[in-house]
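Novice: Letter by letter, the chains look like this.
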Amino acid sequence: MLKGTLYGGTVAIGMPMLDAMLPRTGSAQTGTAPKRIVFWFTANGTRQDIWSPPASMDLNGHPLHAAMAPFSNKLIFLDGVDQSVTYDSIGDGHQTGMACMLTNAEILPGTLFCEGNCDAGNEQYVGWGGGQSVDQYIADEVAKDVVTKFKSLELGVQVKSSSIWSRMSYSAPDQPVPPREDPNQNFTDFFSDIDSDPFALRLIQKRRKSVLDAVMEDHAAFQSRLGYEDKQKLDKHLQSIRDLEQRLEITTNFGEACTSPELDLPGGSFEQNDMYPVTGKAQMDMLVMALACDLTRVASLQWSRSVSGVRFNWVPQVLGEGHHGLSHYDDGDASAKADLLEINKWYSEQFAYLLGLMDGIQEGDNSLLDNTVVVWVNELGKGNNHTRRDMPFILAGDCQGYFNTGQHIDFGGEPHGKLLVSLTHAMDKPVNTFGVPQYSQGPLSGLAV
Amino acid sequence: MPPQGTNFYLTLAAALLAGCTGSIGGDGERAINDTVAKSLCVVDTPIRRLTRFEYNRTVRDLLGDTSNPADVLPPEEEVAGFNNQAAALTSSDLLIEQYMKVAEDVSARAVGNMEALIPDCDPDLDGNDACASFFIRNFGKRAFRRPLSQTEIERFKSVFDWAIADADLGRFEDGIEVVLQAMLQSPSFLYRPELGEGTPIEGDVVPFTSWEMATKLSYMLWNTMPDDVLFAAAEADELRTKEQISAQATRMLEDEKARDLVRNFHTQWLQLTHLDSVTKDTGVYPAYQSSLRGLWKEEIQTFVEQVVLEGDGSLETLLTADYAFMNEQLAGFYGDDVLDSVSGPEFRQVQVDPERRAGFLTSAGLMATHANINQSSPVFRGKFVREQLMCNTLPLPPNDLVIEPPQLDPTKTTKEQFEEIGANPACAGCHTLMNPIGFIFEHYDGIGQWRDQQNGKNIDATGEVVQTDDIDGDYDGAVELASALAGSTQVRECVSSQWFRFAYNRTVTAEDNCSVEQLNDVFRSSGFNIKALLVALTQTNAFLYRRAVELEPDANGGAQ
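Chains A and B, in that order, are what the protein sequence lines are.
The working numbering numbers the first residue of the first sequence as 1 and each following residue consecutively.
The working numbering numbers the first residue of the second sequence as 450 and each following residue consecutively.
Okay, chain B solo, but in the shape it has when bound (with noise of 0.2 angstroms):
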């Protein structure tokens, strides 16, 4: 991210500022509330735009559009293992000129139901300019998610009014449809402006008003806009103390549409997208079939999302419970691993061996994933571990480097194999982080079942993980592993710090130290539980401060 601000300009912000400041200030008063920002760890989040996941449950509870419209929006940047970090999210040509056409289709679709668009009022008995302005400013409020300016609401009503007298339209119907198309384009619907105002609390720290407050906490936790409860208590300025904002969060952990959070989350964090685009010899894998694919993705989800928020929504269940959820094909492609019988296409919960299987861990889903077409990957998996689990960077093999993956050989065992490659001192260096991890995991084959032999050797599903900061050693098999993992304090806060950066759009910086350590206290004291970390996210300073907008030297601040 770049350096916090543009100091230069404080001065005359501070000026600007005055009524808030009380004082204009130059380089020393500039320094303190630098200082003060650092000892408050106030670290700002670029404005950011909605992601086309976002978008498409923003459109859901707004207008009742349950179509995805923005999937045909360019794909956003993925940094940091995540597409919602604001610094990545550019801007383009191309991506404006979707944003006018889903618009436009959004629109379209929503003016087919006028009595549902704009239910209390009839332009027939009140009139079409009464009726507009009725819909701009109540439909406006929830589409800014503030309430707009009287400058604003002249604004659609002049589009309104341009529609009305043309020629060709003319129609109520399309005064509406314009003006929906204009606020759909509109920066106040397609980006998070998170200004703050009022008094600073120290420094040039501010608070956010309640209707900022409100669309954080709904972006955050719902990855949509806010409800009805939440604009109430926007509306009564009731979103201010910590005790109100850690109210409202407990109650949308609660609500359905957490279910989206937790589902977005891990499927990034999971990396289940890639899910999408794996192929499997079936010359190799017989029991493999594309449809498999979802209903491995569909298995590790509702897991996920039944732990988090139904079960004890602690990270030693997401990774050591003997339970899972599958429908009778799964659970036939599961075999003996699922103890309970299951029929039809319904998902439910069963136990499974647990010798065998824990939490999403072992699950066929992330094996598959982490395999190549026709045999397992200790090195992918071991990947996975050590980067999404363990938060280590890996690097990627060296430029120059010839790499040669193993041919299948039927003499020897995937950990043999493997074995000579990672003995090779050009490779030895990282993939001793890597490969013995993925040994661990040589019970289950490049589609994730069970084995016991490989090639008429029996598995040895041993391995030694070094270089950790509390959990190095030998372990025999996954479920171990995944026992160690849960008990882990590296793993423990490389959880917290993933569901950080997902939840705040940004990186962790040197400056959030307080922040991060005073989530990781709060999820160690809840025994870990993820829905106690999520409340935790929203009552951080980093959350619920920023430092006082700087305006340009030139701008006037009064172009509304």
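One chain only, chain A, in its complex shape (with noise of 0.2 angstroms):
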């Protein structure tokens, strides 16, 4: 549970405060709220045949969506969005939906993981994703504004391996960003400073720069032994040394909806099949603590990864079997759809909870829903056939008018590098293509306002 007004009062939010030192008493500021963007991934499709809402929008009584439907005016469903890249691409089905789904660039040669379709004595390899994801352009973008505590913030529910199947961020093309997975790891970093007195949260400070400085001399002289590659590789290590002391000093925006939450963290089994509830509530709930702090602009929560496997023990109807395992039987399959249905609603309202946690933080005139765009993606459309058109796609929030939300939109198979690209500009980081330009010509007509 996070504590203080968080549910429904209205609390007022700062604006970030940039100079480290001033007081917590000091945060007087206030102005228009800033806006952000999370993206939200659940795996292996959904129920295809019944994911559409009915015209009015009207999602009382959904079999998927009914949690989401005290919310529905602030939703976008987007149908006949591919994900077309990924038939370009190198990749079995799995690994282009997720490499492919928030880069819109086709995945690298490489050596690293064996595609689906290679055959024996044929193997085809490929690398990482080949493109900056979407999440990543815009925390890039945003940064040269403002300086957050974090510049993006990922969070994972028992992603777990790493590899091209897990990974749906991208620094850059061939650098993959894991997510941060630990509820218990994340409630320190993420809030430690709010309970820590300023005395200790300075010294704190300082020395980490001290000692930054030291590695960085150190690095610099490191490199200069090192031949071109491998240079290459320790480049990008300090320059995350570099972004890390540059954040070093941003300390957590005390505004009042902003706490330390009080959660039922679930200690050292957070990756135990069956607290997967458990540790996606504790995620959700510090994620949109750190929105309401403004520790960051640009987060995600993955839960699981591509393929995912989680047993959903929980949900009483559904067997022991896993989801991909599941996802795999014939749309005849009686059973098997039975179950995908209840994981999917499960899914939905774990949404449902997220958007109520978001809509009931005010700023100023707004919720921070109302300044959010959250994104659902999925890497493929439905399990059993791989495909990867008709994106189960769904879009929260209004960014602040941009988005005009309480509709359902089927765009007759437009691709979903427009949607990228409609990111951009709901977050005012405009760009005309995202990724492959055949697949990304301008923003998706009909979701702005």
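For the record, the hints were derived by calculation from the structure and aren't laboratory data.
These numbers were taken from a predicted model, which means no experiment stands behind them.
Honestly, I wouldn't trust all of these hints.
Here are the simulated lysine-lysine pairs, BS3-like style, with alpha carbons at most 30 angstroms apart [claimed, not checked]:
| hint | chain 1 | residue 1 | chain 2 | residue 2 |
| --- | --- | --- | --- | --- |
| 1 | B | 550 | A | 160 |
| 2 | B | 606 | A | 160 |
| 3 | B | 550 | A | 206 |
| 4 | A | 209 | B | 980 |
| 5 | A | 206 | B | 606 |
| 6 | B | 861 | A | 231 |
Since each chain comes alone in its own frame, lean on the hints to assemble the complex.
Specialist: See the structure below:
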């Protein structure tokens, strides 16, 4: 549970304090709250046959989305959007679905991951994703305007392994961004500032700065002895240290809605299958508070990974088989269909929980949700045929009036790169194309007000 | 792996390294050097950072810190079956942030016991400066696995001085703590640079320094930093000849730390991490309890450790041994298959029924991992044998193909059900490679317990193995198959190449042919002894040499 006035009450959130030494009581600044963007990933496609909402957008009684009914006027359901680029790319369905999802770029050639269509004796291997992902692009652009404590926050729920099947964010081609999966660690990393006494905090900051200065000098000397390719590798490392040092002095914005959250932390068991709901809830609670505290403007929550094998033991109707296995049954298999309904309904309930938290935080005239766009993505349309057409994308929140919410649009086969372009426009960092230009000629029409 | 080097830079590199090459060549020399390196089978490994496993063991040996602090770091990429592959160990903002926090935690714990940290210097008697310099020089040499340059010593001393001069800090311990933090975040600690030096043996092929060789040996054979003996050998520059290196390797494999290597390798090769997430339907398998997972894993790890390090060390024994390691609970689980009685929680060696069990292959841990929640899986078991033991790469089910695993059918055996599916022409191409091998394991149910019958029908554990190099044929039961695998050249060479990938942190390339041949020769002449293979891995040109570093054209090389 989050403590304080998070649920319901009208609370104000100030602008971030750029002066680290401002006393806690000095946060009297007010103004327009910032725009935020959040990506929300679930795996293995959905029940495409029943996914679409009714024309009325009344979600009450909808088999999948009933939990989201209170927010239906803040949602857009996108039908008929294809991950077209994935059909040009090397890699199998899950690989391309995952790596192209936020990049709209083809997968790089490489020798890292064997792809699904390879024949024995004629194996085809692929590398990492081939472009910067749109969340990282927006984060880089926002960072030019304002330095927040984290440039972006990637949270994961039991993503576990690191591979092309489990990474959706890329800081650059070939540079996957791992999510933060341990809620216990996240709690310390995000919120310890809030409870620290200012003296101790200042001491930690100046000590870190001194140490990192020495480490950076050390890096420069070290790199001068390396060959070209090794040096490239270390350059990225050094850049991360520079970035870390730059953010050291950013302290949490202690607006009224921003408090250290009280959570049900899962302790050391956060990776156990049956702790999936508890871990996920802790990550959602912290994600929302991180946004309320303006620790970042760009975030994501990745539930498991493509080819997710999570067993939904807590949903009584679902048998013990893992999600990916279930997603592979024939369309005619009533039992598997029923299980997939329950799984995707459960994810809709989690999505509704997140939206509820965000809508309960008032920032001036708007709620936090109104200042944000939450983007629900999936690497596949449907699991058993691995289609990346007619993706089950949902937008929530109008991002301060940019999106024309409360509607269901059928785009009739538009490439998803145009959605990524729309997102850059919503966040006031507009580009004309994103990733492969052929599949991203301008924003999707009809989304914006 | 990307193509070797960037030859564009070679001309200028040659100029910088004129002391080594003695001449400035053009395209001609570059081509000659390429040919020389190829003929010598010298293939460079990219710089690699410590894995979490290696970091944990390194701070254990460096500072006595056994808290496994690196567990909080993001997981490594898994490539070619292993998580220590240099090309895949990328960096990220999160990793760097966590390195800082881990370094802070480790340093705070370390300065809690100053006498252990700096045993031979007392700042009250000898002075802060003297003790700080003493610490930086001596501890730094162990942390960086080489002597520090004067510039480096001064750099860390200035961090110490900053802390001593700071109004909020000021204590000797504060200074040491920040020095530790900086060292633990230094690339010299986090990475393993193997740059080589000295006169080329031929072309631009150079040997490593003795310090670098000590580090190469310790991370390859122990997955941790060098011990005092290796450091002394490096100090005396006695890690230059093949004989010196082989003597160290032989010694190291007798050390306790080799257990980490054997466990880490087999955990990954035999996919034992999958055991952590195994769940079983207790309606179908009432004997299953989640506590078995840890016991299953320990059984296999103890077995491979004992066979490789204390037993006869042969691949054949790993695959066919008629003994295993168990405690009372586990022996109870195996029932009649265990011929000795065991009591108590300690693991001990037991004889097993040689008609039913053979080496690691039929262990409950492997059988349960490669099974479904409520039934065995001929597909997973066949796939495991194909990929892990025979080094075949099997395709995943194609895009856009609907795959339907069978529901439990109380009138049929698992084999009968899978035979029906395997007959589907869309599946048969690949599944004839897997399913028949899996059928040979049908005496082991979904949790690895022996069964003679299923659903009232006798188990048929026959299967035909096809499309192998040397063990095609009909087999009845896994004991028979294990014996064939143990005699297969394809399997032996596969095991050799798995160790190659794990030990060298990279995949085998076409340029490795002479190293691979050398390894296979030694493996064969040793009677396929794993320890002999490990020593042989220190004797290839791929391990002993690299090509001289090609610096960037604008690098001045003198930043230190």
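Novice: Given the hint that residue 606 of chain B pairs with residue 160 of chain A, does the C-alpha gap stay at or below 30 angstroms?
Specialist: Cα-Cα ~40 angstroms, so violated.
Novice: Are the Cα positions of residue 550 of chain B and residue 160 of chain A separated by 30 angstroms at most?
Specialist: 21 angstroms, holds
Novice: Does residue 206 of chain A sit within 30 angstroms of residue 550 of chain B, going by the straight-line distance between their CA atoms?
Specialist: 14 angstroms, holds
Novice: Taken at face value, is the distance from the CA of residue 606 of chain B to the CA of residue 206 of chain A at most 30 angstroms?
Specialist: 17 angstroms, holds
Novice: Between the alpha carbons of residue 209 of chain A and residue 980 of chain B, is the straight-line distance 30 angstroms or under?
Specialist: Violated, at roughly 47 angstroms.
Novice: Does residue 231 of chain A lie within 30 angstroms of residue 861 of chain B when you go C-alpha to C-alpha?
Specialist: This hinted pair is violated, its Cα atoms lying about 61 angstroms apart.
In summary, the numbered hints that this structure violates are 2, 4, 6.
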